[in-house]
Amino acid sequence: MNAPLRRVAISVLVLFTLLIVNVNIIQVVRSDELRDDQRNTRVLAEEYDRERGSIVVAGNEIAVSVPTEDRLEYLRTYPEGPLYAPVTGYYSLVYGNTALEDAENDVLSGEDDRLFVRRIADLFTGRDPAGGDVVLTLDPAVQQAAMAGLEGVTGAVVALDPTTGAILGMASTPSYDPAQLSSHDPEGIRTYMEQITAGDGPDPRVNRAIADNYPPGSLFKVIVSAAALEEGYAPDTVVPAPDIMTLPQTTQQLRNFNNSSCSPSQEQPLIDALTISCNTAFAQLGIDLGEDKIREKAEAFGLDDERMEIPLPVAGSHVGEIESDAALGQTSIGQRDVRMTVLQAAMVAATVANDGVQMKPYLVDQLLAPDLSVIDETDPEELREPISAQVADQLTEMMTSVVARGSGRAARIQGMEVAGKTGTAQVREDLPDHNWFMGFAPADDPKIAVAVFVANGGGTGGDTSAPIARQVMQAYFEGQGG
Amino acid sequence: MPGPLTDPRGTAAGATPTRRGTEAALLAFAVVITVVAQIMVDLTVTGSLRPEMAGFSVWITALWVVAHLVVRKWASYADPLLLPAVALLVGLGLTVIHRLDLAAEQVGSTVTREDAPVQLIWATLGVALFVGFLVAVRDHRSLARFAYTLALVGIVLLALPAVLPASMSEVNGAKIWIRVAGFSIQPGEFAKLCLIVFFAAYLEDKRDVLALASRKVAGLELPRGRDLGPVLLAWVLSILVLVFERDLGSSLLLFGIFVVMLYVATERASWLFIGLGLFAGGALIAYQIFAHVQARVDTWLSPSDYYDGAGYQVMQSLFGLGTGGLFGAGLGGGRPDQVPVAKSDFIASAVGEELGLFGLVAVIIVYLVLVERGLRTSLVVRDAFGKLLAAGLAFAIAWQVFVVLGGVTGLLPLTGLTTPFLAYGGSSLVANFVLVAMLVRISDAARRPVTPQAAPVRLGDAPTEVVTP
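Going down the list, the sequences are from chains Y and F. If you use our numbering, the first sequence corresponds to residues 194 to 675, in order. If you use our numbering, the second sequence corresponds to residues 27 to 495, in order.
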């Protein structure tokens, strides 16, 4: 009977080898797949068992984890609801993390290397591991004014401290309530998601301040002006400003807004052309300066198609293809393929405000350990110097004129000089125009730079967006006790 | 594998070492691992040692000391690896069950009551029966005398749950229990032992007939029609278990054991083919007829698709294993309590989640050692009954481990079998202790020198007790 016994022994060995191979496949080959499976609540439960750090604005927690009685120990709440949603994003069982909940996840969850020493200490002291806090640069007054200004429209506002690059406000509409997407009820989460993304309307999850770029229209004239001033033009240099301009090598006619006339003499000083936003003057000026000068200046301001992180990812801005002088003429008035993010527009205004020095925009001021000690702090950083201080002064003078007596009069603030530029960009024949405004105040000692974008607002930058910019700047100064 | 299966009697005759020292050292190792693992669980989950820890350590040590001393006295030539392998598995099982008890505190846990102390009682009872068996049964061949009685007992035990009202026998759809006065036992576990003893005795008796009388059909030696009786009977029995108790596991287990023992007894591969054919036919018919078998198979093929139903357990088990990865979450570091019935059917996934691939493979290897030592005992023992019995017992463990672990890891459809020695469950633990007592008894006979020479013993060196077979 020993021969079959030996065969049985070998068969058993084979069966057990099968078991071991199968276990290897599960625990090694399929390990990541199984660990990351949406339905595997182990890793998730571990994450939810930990007190996630808060996102803080001016001492108030705008995203905070609170203990619960249910299966997952902590619930993510957003006390301000939709107000900060474009910045915080959500922390969802079903849809994952977005915006800062994603970009700063390591710190918030306590995984960040800068919290490493503390985690080791937690091991020995038996303290529950917790995440660190993320303190933002936002100013609540600015944020509220921006969101209030955008109520009922689709658009975005960005406000910067021109001297540091700190982002004071970042609004995007329509918004949503991140708490609804961060609950512990997957059904409720899905229902809310369907509700906010239903239909063809604008997607509330998109942060229009940074996630997308748009044709800037006449905002671009500031960059063309900068190129001209660098080339020896002065604000009072007289430039051609015909009523109707035929674009070179085409029969296409370029007109001014509402077919109006810029000047009875068909020419005017550069400052006046910007003040009334004369299309023919800037198209001709761009063609006279040439593609290289325009492109070079635009790229110097940051329209270089590069993405950046603030730490939220920011879409690139660009000048686009310029195939001909005709295209150059259209590009010079911010049409054709020119695209800017709202943040980029704010950065252009801030650069002029900051004597030609562009600061790197940032949203996170400090990172705090769970014991509130500072583990990291953002130092303001110079990004570029696209224009000289002298050109910046001349541009400030011209942009002040825009608000004082030109297309941007709706941005005027009592007792304070405001500099700015309006933009009204044609999108498509069948869609209303985009309405822009960018500016800063006070013109002589700028504290805040703002860009306002209203998508398909249908009006002009001057009547739709400039008032919102004024409200935002006023809110800022009132908040500062001014 | 020539190494481990070589005949130890090949060494100098009469000088066979008893290897009791090896056994003692390995048992000590198993006890240390058990106690250290228990301490790790307590420290990781609760942060402090439980007050009962000292008592537990003493208790578990005492269990193995007693078992070892009894083996030393009444089965002194027994295989030295059998008992330590069991001790390691039981200790690890107690640890994982205790760990799952603690998880009852955690949110989202499926654990509802404390089972480790009860399991310790069962283990103690198991050791008591182990000791009792070794003391009472000095020669395994005496079991053969009760073969037909045991067969009757086995069939009654097996059939009892089927005839009892569902309220007394049904848990989670399987009618395999006897529940009386708060106690529930799975008689199938004991029936398994009775039937293996019967198979061994019966096959020893009939093996010549079954092996020799045959005719050749298409190159294959086929047994005569009337000799097919026993295998058909076993097959029918398995089918009955499947039909009336909805117990796929026991059905598969009994039939597999019988076919393998038949093969060993007759040395005829044709029995294996006949067995496989009958199994395949039975499985096919069962799949066609029984919804619960169909559901099991469908779930096995794509557990993910049945996540909200029958596939939930296996998927949770796979999630646990996958999350555990190579090294595991550490004892007390994972969430094995998220797998339903982690303490019994799915204890292996708890081991895999917290001790990782290394821990789970180590456990599989310990089982392999246990089984191969049992098979080696079968090879070495001289009498045919002992050979068949040891082979049946060893293969029973192997087959059960394969079917259970295969089910838990998605290799095979899920069956209702328990993981021997590891899983929570009194009947299974106690029955398996008796099983290993039988193996120990046979291995003692196997390794004992053939003719204990009256070697010249100087009076001064004479042992205080002279062991006689």
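Source of the hints: derived by calculation from the structure; they are not laboratory data. Just to be clear, a hint being listed does not mean it is correct.
Stretches of chain F that chain Y covers, calculated by requiring three or more beta carbons in the stretch to come under 8 Å of a beta carbon on chain Y [stated by the list, open to error]:
1) 61-73
2) 102-109
3) 290-298
4) 350-357
5) 377-384
6) 462-473
Heads up, the beta-carbon is just placed ideally off N, CA and C, and yes, glycines get one too.
Do the hints match the structure? See the list:
Only residues whose beta carbon comes within less than 8 Å of a beta carbon in chain Y count, and the stretch 61-73 of chain F has 1; fewer than three means the coverage is violated. Counting residues of the stretch 102-109 of chain F whose C-beta sits closer than 8 Å to any C-beta of chain Y gives 0, which falls short of three, so the coverage hint is violated. Against chain Y, the stretch 290-298 of chain F contributes 3 residues with a C-beta closer than 8 Å to a partner C-beta. That satisfies the three-residue criterion, and the hint holds. Taking a C-beta to C-beta cut-off of 8 Å, the stretch 350-357 of chain F contributes 3 residues in contact with chain Y, enough for the three needed, and the coverage statement holds.
Under a criterion of three residues with beta carbons nearer than 8 Å to beta carbons of chain Y, the stated coverage of the stretch 377-384 of chain F is upheld, 3 such residues being counted. With 0 residues having a Cβ less than 8 Å from any Cβ of chain Y, the stretch 462-473 of chain F misses the three-residue criterion, and the hint is violated.
Hints 1, 2, 6, counting from the list given before, are not met by this structure.
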